[in-house]
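Colleague: For reference, the chains in residue letters:
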Amino acid sequence: MKIEEQYNKKIIAKTKKLEALKENEAAKILLEISSHEVFSFKILLILYRGGVISAKDVFLKNNILLYDELILVEGKDIKISSLIQDSIHKFTMFKEAMKQNEFAGVLLTFDDDLATAFLDKKLTEEDKQEKLASSASSFMSFVFGSYMNSIIENDATLTTVARNLHQQHEK
Amino acid sequence: MKPKKIKPLTAEEFINADPESMEFKFYAMSVNDFFSFRLLYKHYKKGDISAKGILNLPSLLKFPFIIKRGKDDKILLSDTAQEELVRFNICQELLEKHSSPYLSLAVKYDDAFAKAYMESKDKDINADGDLKKAFEGAWMNINLTLASVAMTDIVYSDETLQEEYEKEANKK
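In order, the protein sequences belong to chains A and B. For the first sequence, counting from 1, position 59 maps to 59 in the working numbering; every step adds exactly one. For the second sequence, counting from 1, position 7 maps to 7 in the working numbering; every step adds exactly one.
Simulated from the structure, these hints should not be mistaken for laboratory data. Keep in mind it's a predicted model, so treat the numbers as computed, not measured. In this text, a Cβ means the ideal position worked out from N, Cα and C, and glycines have one as well. Incorrect hints may have been included.
What the hints assert, rightly or not - In silico DSSO-like pairs for lysine-lysine, Cα to Cα no more than 30 Å straight-line: (1) A:28 to B:133; (2) A:28 to B:74; (3) B:115 to B:167.
To be verified - Derived coverage of chain B by chain A (criterion: at least 3 residues anywhere in the stretch with Cβ under 8 Å from a Cβ of chain A; other residues may be distant): (4) 29-41; (5) 101-113; (6) 117-126; (7) 154-166.
Chain A extracted, bound-state conformation (with noise of 0.2 Å):
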């Protein structure tokens, strides 16, 4: 049986043993988790970063109920590795700002400094919105530049005078 054969299996054994623990909240979240990319992305960075998965992991299946290291499921119970705990609590702070705010929400996806403070309960309102508004700022510099990029990227002339003018820069 070819590799990626076994990880789906495994994979979906996995799924059925915590879906038929519907009302486990653990198994809930770790679903939902599963099947966010940039969350499971996250956590398999962590655990490669940790030395417990290769870099080939990470890419092989982009899934975290793959791994026995990270989630146990021994009868009615979950145990979920120390690894992860912090990506859960990071994963409810942002499912529970996308219902207030969608934006506050995908900024918390993807600036870790910023999940970080807001999960540091001693922060005021008012830093909060200072941290939000700055972090707002510097999402919107990546978002423009990833955009111009793509842009770039599809047009060969584009790369190459770009290429040019960065070489020149350089020297």
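Fit chain B to the supplied structure of chain A, relying on the hints for placement.
Modeller: Showing chain B alone in chain A's frame:
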């Protein structure tokens, strides 16, 4: 007969214009990198400007095919510039008056939604209809694009991840 020399437009003329005037609004758009880039890109596609010209992100005020001085010193904008200005004004209004950054973002980045929004009379994205559907589509596209860009950014900052990513991409 000698051709009439066109007096160049200066940034000061725009800054000192009435904030409600088209001149002032166009100046605001010209200092916004995003809209400046979009407009120059459209003119690049038409062949009015070189690739080097667009990448240096020059000021829009420089280009006679975008902005001209007409009779009575009135400024005239190209059709493309006028379209962009309408879109820019909508984004500014959504940001300032209604505090709707996510709606503004959708108008800014999604061409199909921007068109639907500009053509809609009541502009109510919550009312069931084509505008609501267009917004849901735009928001999903924005999220997917951002997620993919953010992840690619992380991957390319790590040599091993980059190698694996490229191997997987080549297989596909």
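Colleague: Each hint needs a verdict: does it hold in this structure or not?
Modeller: Hints and how they fare:
{"no.": "1", "hint": "A:28 to B:133", "in the structure": "holds, 28 Å"}
{"no.": "2", "hint": "A:28 to B:74", "in the structure": "violated, 63 Å"}
{"no.": "3", "hint": "B:115 to B:167", "in the structure": "violated, 39 Å"}
{"no.": "4", "hint": "29-41", "in the structure": "holds (count 4)"}
{"no.": "5", "hint": "101-113", "in the structure": "holds (count 4)"}
{"no.": "6", "hint": "117-126", "in the structure": "violated (count 0)"}
{"no.": "7", "hint": "154-166", "in the structure": "holds (count 7)"}
Hints 2, 3, 6 from the list above are not met by this structure, while the remaining hints are.
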